[in-house]
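The listed protein sequences derive, respectively, from chains A and B.
For reference, each letter of the first sequence is one residue, going 1 to 205 in this note's numbering.
For reference, each letter of the second sequence is one residue, going 1 to 220 in this note's numbering.
Derived from the structure by calculation, the hints contain no laboratory data.
Some clues are possibly wrong.
[Said to hold, decoys possible] With a straight-line Cα cutoff of 20 Å, these simulated SDA-like cross-link-like pairs (lysine to any residue) come out:
#1 B:K113 - B:M191
#2 B:K214 - A:T48
#3 B:K207 - A:N53
#4 B:K207 - B:S167
#5 B:K81 - A:S84
#6 B:K84 - B:L37
#7 B:K81 - B:D109
#8 B:K207 - A:E79
#9 B:K165 - B:D68
#10 B:K208 - A:A39
#11 B:K208 - A:L14
#12 B:K158 - B:K207
#13 B:K185 - A:I74
#14 B:K40 - A:N71
#15 B:K165 - B:E117
#16 B:K185 - A:T8
#17 B:K165 - A:S51
#18 B:K214 - A:A39
#19 B:K207 - A:N71
#20 B:K84 - A:I74
#21 B:K165 - A:T8
#22 B:K40 - A:E79
#23 B:K185 - A:E79
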Amino acid sequence: MNTNPDETKLAMWLDDELNGTDLAEMETWAETQPEQIAARDELRNYKTLMSENIPASEDPPYPDFFVTRVNQGIRELEEAEQGSSTPTKQASGTRFWKSWLMPIAACAGMILAFSIGRQSSDQKTISTASQTSQTKQSPLVYTPEEGVAAEWVSNSDSIASLIVLRGISAIPDSTDFSETVYVPTVREADRTATLDATPSNTKAQ
Amino acid sequence: MNKSNEESSNSPQGPDGSSGDAAETADSTEDFRLVSLAQKGDMRAYDELVIRHRGRIYAMIRNMVKNDADAWDLSQDVFIKAWKALPRFQARARFSTWLFRISHNVVYDWVRKRKIESSGELNDETFDRDSIDLSARTAPALIEAPDEALSNTELRGKISEALGKLSPEHREVVMLKDVQGLAYKEIAEVMDCTIGTVMSRLFYARKKLQTILKDEYESR
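Make a model of the complete structure from these sequences and hints.
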């Protein structure tokens, strides 16, 4: 071998990977290359050190259980694949729906919900306004006794309201209103509230 | 008993490059026979393949992840994935090389997953035993068995520590070449790179290791 070998062949020779003709050629070339011989010896020394101290193979802990676990993993894998095969076929049948119709349906649904929401909001505003107006004009006053008519009078300036009941019999002067009114005792009353047990400003017609 | 326990598969080839050739050929032939049976659904044949190769796969992964429990789980994943991929296996490479290729993917997927979970960066700490909290309940046992302790192993500890200082790629290439005894071409297949990249990584990895272990192998 007259010329120097390429890097790949040199590396393979240093690592003892060559054989046959390639090896013979390299050995001939190396006879004049003492530094390469030394490099190969050093590499062999290093590899021996490694191989003597780092095992290429070591049984995993609980080796029998290891095989059992592998078998179990394979069974679980196959069961999972069998279980998912049917849904996969079903899924392929609805692929068109999922890929095209579902996004369109979702968009249409959003638009519909938005428009319904807006209409509902407008109607609610109108309804509330009319109710307020009606309340101000003629509130419904309920009278439980037949023959009694109720009239509601409001004065917006004084922020006062008056309900006039017609047809009801006059209340005798002897009526003790305190008996018709529940007055909480001191113990029952909220201590933070102002207690006014005296019936006052009771007006009746 | 594992195939590689019976043979000294991590001893370098002899100068003529012929050491173990006959045994390797016989092993490969037996592997292919078992693979052929397993591809037809023979679980016993596949169990035999697992038993023959589990030691090398476990040792390789254990040296990569530096954690016994994770290595145990990941080794099983390798054989489960191998079973799933077995119909696609063609006898263009040795079965053991194919398993190392799956191991490579499993380990790097695991590292990637851990990186995402921890939101950290992929670095040597993921593989570094020193980064593990030794007080944690899940910390792997660092105490060696008594027979191992007797058989050394200050030197082994130094080499293991030195390996831990290499990057994952450098560590893997050293393990595949200098411990498992794969050829450059096989390592390139396992690591999915060119032979030139393998040579480059191996050169720098060995250089770093030899620097760290200079005193050790110069005294030999």
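Status of each hint after checking the structure:
1. B:K113 - B:M191: holds, 19 Å
2. B:K214 - A:T48: holds, 14 Å
3. B:K207 - A:N53: Holds, at roughly 18 Å.
4. B:K207 - B:S167: Given that 20 Å is the threshold and the Cα spacing comes to 13 Å, the pair holds.
5. B:K81 - A:S84: holds, 18 Å
6. B:K84 - B:L37: holds, 14 Å
7. B:K81 - B:D109: holds, 13 Å
8. B:K207 - A:E79: violated, 49 Å
9. B:K165 - B:D68: Answer holds: K165 of chain B to D68 of chain B is near 18 Å, not above 20 Å.
10. B:K208 - A:A39: Distance of about 16 Å is within 20 Å: holds.
11. B:K208 - A:L14: Holds - the C-alpha atoms of L14 of chain A and K208 of chain B are around 18 Å apart, at most 20 Å.
12. B:K158 - B:K207: It holds: about 16 Å lies between the C-alpha atoms, which stays within 20 Å.
13. B:K185 - A:I74: violated, 31 Å
14. B:K40 - A:N71: Measuring from Cα to Cα gives roughly 16 Å; hence the hint holds.
15. B:K165 - B:E117: violated, 24 Å
16. B:K185 - A:T8: holds, 11 Å
17. B:K165 - A:S51: holds, 18 Å
18. B:K214 - A:A39: holds, 15 Å
19. B:K207 - A:N71: violated, 42 Å
20. B:K84 - A:I74: holds, 8 Å
21. B:K165 - A:T8: Not satisfied, since the Cα-Cα distance of roughly 27 Å exceeds 20 Å.
22. B:K40 - A:E79: The hint holds at about 18 Å.
23. B:K185 - A:E79: Roughly 37 Å between the alpha carbons, so the hint for K185 of chain B and E79 of chain A is violated.
Checked against the numbered hints above, the structure breaks hints 8, 13, 15, 19, 21 and 23 and satisfies the rest.
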